[in-house]
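These protein sequences, in sequence, are chains Z and D.
So for the first sequence, my numbering puts the first residue at 1; every next one is plus one.
So for the second sequence, my numbering puts the first residue at 1; every next one is plus one.
Wrong hints could be hidden among the right ones.
Said to hold, decoys possible - The following residues of chain Z were derived to be distant from chain D, with all beta-carbon distances above 12 Å:
(1) Pro41
(2) Gly61
(3) Pro85
(4) Pro86
(5) His87
(6) Arg103
(7) Asp108
(8) Asp114
(9) Cys137
(10) Pro180
(11) Gln186
(12) Arg199
To be verified - Cβ-Cβ distance ranges computed for the label pairs, FRET-style:
(13) D:Arg275 <-> Z:Pro204: 44 to 54 Å
(14) D:Asp329 <-> Z:Thr138: 46 to 56 Å
(15) D:Asp329 <-> Z:Asn37: 26 to 36 Å
(16) D:Arg423 <-> Z:Ser162: 22 to 32 Å
(17) D:Lys464 <-> Z:Thr110: 28 to 38 Å
(18) D:Pro62 <-> Z:Ser111: 28 to 38 Å
(19) D:Glu291 <-> Z:Ala198: 50 to 60 Å
(20) D:Thr450 <-> Z:Pro197: 21 to 31 Å
(21) D:Asp329 <-> Z:Thr167: 50 to 60 Å
(22) Z:Ser162 <-> D:Asp351: 46 to 56 Å
(23) D:Arg275 <-> Z:Asp112: 27 to 37 Å
(24) Z:Pro68 <-> D:Leu421: 28 to 38 Å
If you are wondering where the hints come from, they were derived from the structure by calculation, not from laboratory data.
Cβ atoms here follow ideal geometry from the backbone N, Cα and C, with glycine treated the same way.
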Amino acid sequence: MSRATALDQLLRSSPQLWNSRQVAEVRARDTGFSSLNSLLPGQGWPLGALIELLPKREGIGEMRLVLPALKKLCQEARDIVFVRPPHLPYPPALAKAGLPLNRIVWIDATSDEDARWVAEQTLRQGLVGAVLLWSDCTKDISLRRLQLAARESDALSFLYRSPQAATAASPAALRMTLSPLPAGLQIELLKVQGGRPARITLPPNLLPKPPSSEAA
Amino acid sequence: MLWLSIYFPQFALDIRPSRESTPLAITDKHGSRRWLIACNVACQSAGIHRGMDVTGALARDPTLKLVERSKSSERQAMKACGAWAEQYSNSVFFDPSRWMLWIEIGASLTYFGGLDALVRNIDENIESLGYSVRFGVAPTVEAAAIFAVAAQTGGVQHKSKLIDALSPLPIRLLNASPDTIEALKSVGWQRIGEILALPRDQLSRRFGPEFTLYIEKLVGAHPDPREPYRAPTTYRRRFDFADPIHNVEAMLFPLRRMLSELQGFLRGRDTALQRLTLELRHHKQQPTLIELRTTAPQRDSGRLLALLREQLDRTLLPADITELALTVDQFVALGDTQLDLFNTTPKRENDWADLLDKLRARLGDNAVKRLGLSNDHRPEKAWCVVHQDQPEDSVASALNTHDDEPERPFWLLDPTPLLQLPRLLGKPERIEAGWWTGDECRRDYYIAETSEGSRWWLYRDAKKQQWFLHGLWS
């Protein structure tokens with residue numbers, strides 16, 4: 001056996017060895033936005049990894065960004081769990097966005113700790129399509145637990161945090177800040193596992209049109 | 001007919017919640033005489049055994065703890081065992097005074113794959129109840145009882161071999177009064193076979209017709225019909241703590257048994273539950289109620305215990321617990337989801353339901369919500385929380401009627417008065433509703449953009465002449 005084939009075999013047999021020329025295969029789901037897909041290593045939201053979204057403020061399109069992927073999951077009869085969202089996910093809006101309400105679970109936990117526990121349990125159980133968690137937790141160990149739970153599942157795991165968290169380190173595989181611009185929603189990729197930081201602006205049609213322009 | 005008799009040699013001891021490591025015995029009394037009817041393991045080393053007089057036992061170990069038997073709790077516990085045993089046969093009965101339970105297994109043999117497999121199944125299952133038991137198998141009720149007490153597990157399946165199997169056994173195993181046994185012994189008889197060989201008329205003259213009838217039933221010469229036990233339609237089970245307990249851990253042992261019995265009861269009826277009430281009773285205080293609701297029909301004792309534990313761990317006990325009471329008053333079909341071998345979807349739905357139950361148990365029933373729509377133009381009333389037992393199609397039908405509705409914001413807020421108005425975009429949407437209930441609203445809804453780039457959903461209340469923030473376009 002030649003040295004090259006032996007090496008090749010070794011590379012293939014052991015998951016601990018990784019050839020830097022090969023791009024690690026990332027399981028991902030289409031985000032619904034081709035310009036965003038092209039910046040992400042698996043051409044979409046990574047599965048089995050924690051995705052951190054840091055919107056500058058509320059009401060800027062931070063939910064619309066994930067809706068196409070959630071809608072796709074619902075079509076595959078997978079459930080979506082909202083864990084301790086800051087407000088009521090308004091059912092008429094969910095239905096309108098193509099998320100059948102019988103696929104949605106709203107966890108109205110009172111404490112941040114309970115919320116993280118729910119997210120972890122739900123991810124570990126492995127059946128859910130997506131978990132969206134709102135948490136103010138800054139403890140590294142808690143975030144790491146979430147990342148581990150996410151890794152065990154094949155769900156989309158979104159963690160919404162306040163923009164102040166951007167400066168702190170995080171175990172999440174993908175981190176991005178979201179800020180409103182007149183030209184649309186600006187996405188700054190702070191950390192991309194298997195990719196590189198970047199910045200794009202999604203066009204403003206992410207946001208609803210005022211009724212008048214519909215009539216026109 | 002083939003009877004399996006289950007004898008509980010330590011019944012009075014086994015129904016106690018705790019397993020003491022110091023010598024403890026259960027006593028019975030008749031007139032002025034008190035004697036031991038069950039002793040724990042620690043008694044053996046002190047040379048104390050059942051049947052001993054209390055005075056004699058105390059002489060051997062003065063620290064021996066004596067507890068008087070409670071016939072009512074024994075009867076209660078026996079009923080629970082009876083309900084548990086219904087999973088094996090619809091012909092079950094018991095005699096609490098003899099610590100004996102019978103199951104007619106002749107009709108169930110094929111289903112369970114033969115006698116050995118059935119007894120093994122029962123043996124494994126009864127272990128979860130936490131009783132020590134002995135089995136006896138015979139074509140007659142009384143012979144099965146004798147084999148159980150004599151610990152002859154193999155037993156006899158055919159009547160023809162019954163007399164041969166009974167004959168070598170000592171006469172003290174016969175279910176007759178102590179006086180009759182003494183009288184038989186005084187004649188010099190020692191083995192059951194010697195009694196069976198006697199002419200019946202002679203037996204009747206010397207020991208009474210009742211004893212003769214018993215012997216006839218024992219060998220199957222006379223029919224021995226028994227009224228099968230039927231557990232009541234509401235499942236209730238109580239458990240008394242001799243010493244009040246103050247933590248959850250101490251409650252687990254009796255609770256585990258209660259749930260195992262319940263599981264047997266549910267299996268016997270091929271049914272399941274979705275709601276269970278556990279009452280923790282205290283001395284001179286309102287009981288603490290724990291209600292468990294499950295998303296899908298459930299009968300697995302392990303899962304029920306895990307769910308109850310989640311709730312118990314979060315329950316503050318106002319006082320020590322003197323008594324546990326478990327009630328199930330509604331039963332539902334389990335459905336055929338568990339039997340499907342090749343289709344994995346029902347299994348997934350089961351797991352999903354289990355998860356939701358687990359979440360509910362920790363966070364409370366109201367924290368885990370499903371959402372629905374309701375037919376109302378007022379935005380704050382156009383939705384509802386769907387209860388788990390509500391049929392799903394009521395939600396689905398609502399979906400269609402809302403298809404042509406205008407856009408709505410992702411987040412709905414409680415209306416907050418606005419002092420400063422952000423930039424309004426486009427024309428308003430007029431919503432007028434509720435005048436028929438007196439709860440009238442007339443609002444003009446606008447989409448607005450703040451200077452910081454957020455999009456709000458706001459309205460001007462025509463009556464109050466005021467602006468409110470009602471939603472966020474996220």
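Query - Hint numbers contradicted by this structure - result: 2, 3, 4, 5, 6, 7, 8, 10, 11, 15, 18 and 22
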